[in-house]
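Peer 1: Sequence:
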Amino acid sequence: MEAGAFIGKTSTPDVVVDETWFSDPAVCEKLKTLAEEAAWKFAKENKLDLVAINPGLVIGPLLQPALNTSVEPVLKLINGTQTFPSTTYRWVDVRDVANAHIQAFEVPSANGRYCLVSRVAHCSEVVKILHKLYPTSNLPDK
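Numbering (UniProt numbering), first residue to last: 1 to 142.
Honestly, the hints are just simulated from the structure, not real lab data. Hints may contain errors.
Think about it this way: if two alpha-carbon atoms lie no more than 30 angstroms apart in a straight line, the pair counts; the simulated DSS-like pairs of lysine-lysine are [unchecked claim]:
| no. | residue 1 | residue 2 |
| --- | --- | --- |
| 1 | Lys-142 | Lys-76 |
| 2 | Lys-41 | Lys-76 |
| 3 | Lys-76 | Lys-32 |
| 4 | Lys-30 | Lys-44 |
| 5 | Lys-44 | Lys-32 |
| 6 | Lys-30 | Lys-41 |
| 7 | Lys-47 | Lys-32 |
| 8 | Lys-44 | Lys-76 |
| 9 | Lys-47 | Lys-30 |
| 10 | Lys-142 | Lys-128 |
| 11 | Lys-132 | Lys-142 |
| 12 | Lys-128 | Lys-76 |
Keep in mind the model is a prediction, meaning the values are calculated, not measured.
Kindly produce the complete structure, drawing on both the sequences and the hints.
Peer 2: Below you can see the structure in the form of structure tokens.
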């Protein structure tokens with residue numbers, strides 16, 4: 001989780017900072033872009049090899065017991081939202097992301113930027129899949 005997620009939050013030493021602290025998603029996206037740009041600049045100035053891995057919406061087995069932000073769009077659908085957004089999601093399995101990081105490290109010819117997406121699906125398609133998997137769920141129909 002990037003530090004930009006905490007913009008506007010105040011804390012004291014006794015406050016636990018975790019996935020529940022979020023800021024404007026646009027701010028987080030911008031900070032990720034700026035961080036990658038800074039990394040490329042640093043790598044060029046210091047003649048370092050760099051590989052950037054940019055995954056889509058990461059799904060799959062979780063390491064922690066709490067849900068993370070990647071499952072938030074699906075959770076909103078399952079929890080009874082009245083409508084779904086007219087948007088597409090770019091999905092990738094967390095195990096593919098882990099493998100890409102290993103390959104980026106171990107394969108000498110790896111360089112540049114990699115976009116990791118295994119499937120693109122419109123939200124309406126996601127709702128249909130969820131309905132088949134969980135027919136008794138209160139899913140939006142529009």
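Peer 1: Hints first: check each against the structure and report whether it holds.
Peer 2: Going through the hints against the structure:
no.: 1; hint: Lys-142 to Lys-76; verdict: holds (14 angstroms)
no.: 2; hint: Lys-41 to Lys-76; verdict: violated (38 angstroms)
no.: 3; hint: Lys-76 to Lys-32; verdict: holds (24 angstroms)
no.: 4; hint: Lys-30 to Lys-44; verdict: holds (21 angstroms)
no.: 5; hint: Lys-44 to Lys-32; verdict: holds (18 angstroms)
no.: 6; hint: Lys-30 to Lys-41; verdict: holds (17 angstroms)
no.: 7; hint: Lys-47 to Lys-32; verdict: holds (22 angstroms)
no.: 8; hint: Lys-44 to Lys-76; verdict: violated (42 angstroms)
no.: 9; hint: Lys-47 to Lys-30; verdict: holds (25 angstroms)
no.: 10; hint: Lys-142 to Lys-128; verdict: holds (11 angstroms)
no.: 11; hint: Lys-132 to Lys-142; verdict: holds (16 angstroms)
no.: 12; hint: Lys-128 to Lys-76; verdict: holds (15 angstroms)
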